[in-house]
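Student: Dock chain Z against chain U, hints included.
Here are the chains, one letter per residue:
Number of protein chains: 2
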Amino acid sequence: MSIVTGFETLDVRFETSALLDGSDAMNPDPDYSAAYLRVTTDAADGHEGHAFVFTIGRGNDVQVAAIEAIAHRVEGRDVEAILDDLGGFWREFVHDSQLRWLGPEKGVMHMAIGAVVNAFWDLKAKRAGLPLWQLLSRMSPEELVALVDFRYLTDALTPEQALDLLRAAEPGRAAREAELLADGYPGYTTTPGWLGYSDEKLRRLAREAVDDGFTQIKLKVGDRLDDDLRRLRVARDAVGPDIRIAIDANQRWDRDQAIEWIRALQPFDLAWVEEPTSPDDILAHAAIAQAVAPVPIATGEHGMSRVLFKQLLQAGAASIVQIDSTRVAGVNENIAILLLAAKFGVPVCPHAGGVGLCEAVQHFSMFDFVAVSGSQDGRMIEYTTHLHEHFVTPAEVTGGRYRAPLAPGIGMEMLASSLHEHEVAPALLID
Amino acid sequence: MSIVTGFETLDVRFETSALLDGSDAMNPDPDYSAAYLRVTTDAADGHEGHAFVFTIGRGNDVQVAAIEAIAHRVEGRDVEAILDDLGGFWREFVHDSQLRWLGPEKGVMHMAIGAVVNAFWDLKAKRAGLPLWQLLSRMSPEELVALVDFRYLTDALTPEQALDLLRAAEPGRAAREAELLADGYPGYTTTPGWLGYSDEKLRRLAREAVDDGFTQIKLKVGDRLDDDLRRLRVARDAVGPDIRIAIDANQRWDRDQAIEWIRALQPFDLAWVEEPTSPDDILAHAAIAQAVAPVPIATGEHGMSRVLFKQLLQAGAASIVQIDSTRVAGVNENIAILLLAAKFGVPVCPHAGGVGLCEAVQHFSMFDFVAVSGSQDGRMIEYTTHLHEHFVTPAEVTGGRYRAPLAPGIGMEMLASSLHEHEVAPALLID
Numbered sequence: 001m002s003i004v005t006g007f008e009t010l011d012v013r014f015e016t017s018a019l020l021d022g023s024d025a026m027n028p029d030p031d032y033s034a035a036y037l038r039v040t041t042d043a044a045d046g047h048e049g050h051a052f053v054f055t056i057g058r059g060n061d062v063q064v065a066a067i068e069a070i071a072h073r074v075e076g077r078d079v080e081a082i083l084d085d086l087g088g089f090w091r092e093f094v095h096d097s098q099l100r101w102l103g104p105e106k107g108v109m110h111m112a113i114g115a116v117v118n119a120f121w122d123l124k125a126k127r128a129g130l131p132l133w134q135l136l137s138r139m140s141p142e143e144l145v146a147l148v149d150f151r152y153l154t155d156a157l158t159p160e161q162a163l164d165l166l167r168a169a170e171p172g173r174a175a176r177e178a179e180l181l182a183d184g185y186p187g188y189t190t191t192p193g194w195l196g197y198s199d200e201k202l203r204r205l206a207r208e209a210v211d212d213g214f215t216q217i218k219l220k221v222g223d224r225l226d227d228d229l230r231r232l233r234v235a236r237d238a239v240g241p242d243i244r245i246a247i248d249a250n251q252r253w254d255r256d257q258a259i260e261w262i263r264a265l266q267p268f269d270l271a272w273v274e275e276p277t278s279p280d281d282i283l284a285h286a287a288i289a290q291a292v293a294p295v296p297i298a299t300g301e302h303g304m305s306r307v308l309f310k311q312l313l314q315a316g317a318a319s320i321v322q323i324d325s326t327r328v329a330g331v332n333e334n335i336a337i338l339l340l341a342a343k344f345g346v347p348v349c350p351h352a353g354g355v356g357l358c359e360a361v362q363h364f365s366m367f368d369f370v371a372v373s374g375s376q377d378g379r380m381i382e383y384t385t386h387l388h389e390h391f392v393t394p395a396e397v398t399g400g401r402y403r404a405p406l407a408p409g410i411g412m413e414m415l416a417s418s419l420h421e422h423e424v425a426p427a428l429l430i431d
Numbered sequence: 001m002s003i004v005t006g007f008e009t010l011d012v013r014f015e016t017s018a019l020l021d022g023s024d025a026m027n028p029d030p031d032y033s034a035a036y037l038r039v040t041t042d043a044a045d046g047h048e049g050h051a052f053v054f055t056i057g058r059g060n061d062v063q064v065a066a067i068e069a070i071a072h073r074v075e076g077r078d079v080e081a082i083l084d085d086l087g088g089f090w091r092e093f094v095h096d097s098q099l100r101w102l103g104p105e106k107g108v109m110h111m112a113i114g115a116v117v118n119a120f121w122d123l124k125a126k127r128a129g130l131p132l133w134q135l136l137s138r139m140s141p142e143e144l145v146a147l148v149d150f151r152y153l154t155d156a157l158t159p160e161q162a163l164d165l166l167r168a169a170e171p172g173r174a175a176r177e178a179e180l181l182a183d184g185y186p187g188y189t190t191t192p193g194w195l196g197y198s199d200e201k202l203r204r205l206a207r208e209a210v211d212d213g214f215t216q217i218k219l220k221v222g223d224r225l226d227d228d229l230r231r232l233r234v235a236r237d238a239v240g241p242d243i244r245i246a247i248d249a250n251q252r253w254d255r256d257q258a259i260e261w262i263r264a265l266q267p268f269d270l271a272w273v274e275e276p277t278s279p280d281d282i283l284a285h286a287a288i289a290q291a292v293a294p295v296p297i298a299t300g301e302h303g304m305s306r307v308l309f310k311q312l313l314q315a316g317a318a319s320i321v322q323i324d325s326t327r328v329a330g331v332n333e334n335i336a337i338l339l340l341a342a343k344f345g346v347p348v349c350p351h352a353g354g355v356g357l358c359e360a361v362q363h364f365s366m367f368d369f370v371a372v373s374g375s376q377d378g379r380m381i382e383y384t385t386h387l388h389e390h391f392v393t394p395a396e397v398t399g400g401r402y403r404a405p406l407a408p409g410i411g412m413e414m415l416a417s418s419l420h421e422h423e424v425a426p427a428l429l430i431d
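These protein sequence lines map, in sequence, to chains U and Z. Sequential numbering from 1 applies to the first sequence in our numbering. Sequential numbering from 1 applies to the second sequence in our numbering.
With the rest of the complex left out, here is chain U (with noise of 0.2 Å):
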């Protein structure tokens, strides 16, 4: 038996704003961030958990402050009770009669939650010596459907149903596991598609891109139309017409300005277009869906949990859905989310980039792809460069594929050296 020794919360942030990397019509300036924990116990093997819930910027510290408000109900706690019921412990803070308040299942709170789950998930995965997706791929169907609240969930997705899905995929997990180490999982890049960069740095990006083995790439959209239009022409020649372009307006428009916008985009053949209006707008995203067909809304980067996603699918509201793995409750959501994504038979494309992303979602998708939906069809992991040089297992993107990670954990642990480095102390919050 082992017991919980530390739970150090830290505040990292990067100057991502300086370059204009990451501009978009709503995040005009953001400065990648990360509330950091890093949970530690007297087990003998020394592993640590490491998790965050990624920022961009402003705010991080209230985040941190949310993760280290947990820390004294996880000190000094059997780390095997922990790791043997993960369900439990997510239930036991998501659904505190007081914590709910403050969101409930939403914002900081929830974030929060997320981090310290992830954390011991990683301990979790470091004891197995397993990457996550691996673990997880491994677990039977009732291990995995014990994780999972299905409160909520029952009018769309019971735990029967759950099960009967996982049980489905079985048989091939073996084959897709062996397919994935060979071949790795599809990625797609958003790096030419900033709205902060001139049109011959997109030019020369798209095409770069494209050398590189990628078949889809992003473009950020919904400031300007003649802007949007003359990028997209730059966009479209720079690759040819057998790259899929997809566009992101992040929550830029109001729902009819969303439609003729989007009319106005569409003969540049459009694999998708994200985040058309407020992300939580279930009845506008399904209202621009229909009015567009047969252009594949996506959405999912700002969705706050399991209940906006399970409305978002019901309502035909979303084609393509784009979970942000920090976003919601920790490593628990995510499945609760991938389930129902399957059960709708709706493909997740994680959103990724920002900092730690891309070494986080890619081992849902995995997971996903071996246990859950099988399927990489028009599934593929969003990726940028920025950033990766901090993780100890940088995400390893070749030939546009996302390779297999194999170093045990969640792949959030960053180097001591980054965390140092990039730690902001209080004092220099105040501007």
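Among these hints, one or two may not hold up.
Chain copies aren't distinguished; within one or between two, either way the pair holds.
What the hints assert, rightly or not - In silico SDA-like cross-links for lysine to any residue, where the CA-CA straight-line distance does not exceed 20 Å:
1) 343 to 254
2) 201 to 227
3) 201 to 18
4) 343 to 256
No lab work stands behind these hints, which were simulated from the structure alone.
Tutor: Chain Z in isolation, oriented as in the chain U frame:
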């Protein structure tokens, strides 16, 4: 000209869980709390802006940290510039390109912004020498519309439609203000109905409520069906056929379970059924409302933003809208939701109780009566007996009606002695 010289936050908690006041199917042990803010200026008038976010205990420290994180962006600023453009002030924070990642527009960060906005509304009302409801009721339709952010609302309510609605209510303002000053505004009471109370206590308190002049009481339900049936019998027997009985499930059910349970309770002539399921589940609320019609469905106590309320109204998912005034972002977002509800002809019966909510929400309902919906039909303000003694100007309810508050301000200011006595030092939070 004056500047903001102080921004003080306090973690204020009341040990209400010890008494079982406030217990319901999801919140067995709330400790009513306030993440409290006091803003001071160097103006000679000595006025201070007081506001808070209501929480139910654990996590109140995180809520305080979120408010505190905004301090450096307010301290030293020109007070008049803020008070003259509270619409712009609201947008500055709610649309902050980095902070919005933490929501957007939901949870801890959104509530924190609401408290800051409200502290300045308190200051503005005190400077005007008016209670908030009168200050708002004397603003022009143009001034009111300028306070509201219509982003993501225009598919349901445009600024022009809001103007029309406010202009249509203008002629009757003076008469309705006089009516309010003479007769007050109807309240209803939740005091008899907490789950933790014995049948005997329920019966006694229900009779007292009728004796006190209330025409509606509310019972907590959703834990066990046989208990609910028995308690509804006790309550109906105690109050007779002419008093309205509402029930509140506090999100206890999944969709289909809600429909079944409500049908079983329907014979008791329910005034409304509150929070049958997840507060975020618009589609489930709509399905429940349709299935149990004509039983009215009420929700909104956990409604995170105007975008959620818009959808509830569009989907016919709520027959009664129950804003929690400190959950959405301050006065401005309360006004936005009042306008939406008026557009759809749906009554607003705000959530109150807890600590200080009665004191706050009466201003919104009274403003709605004078200048927005112009009606009290089907509209009531929740009332509970808890904790009013801690406020500088406690809500006054006689004969089942809220008396119009006359003291300048937003009504959220606690007594210095209460703040002192109930402030929790960080070290005490570790249990």
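Student: Now tell me if each hint is right for this structure.
Tutor: Evaluated hints:
1. 343 to 254: Cα proximity of residue 343 and residue 254: across copies only (18 Å, versus 30 Å in one copy).
2. 201 to 227: Classified as within: same-chain Cα gap 15 Å, cross-chain 68 Å, threshold 20 Å.
3. 201 to 18: Classified as within; 17 Å inside a copy, 64 Å across copies.
4. 343 to 256: between (30 Å within a copy, 19 Å between copies)
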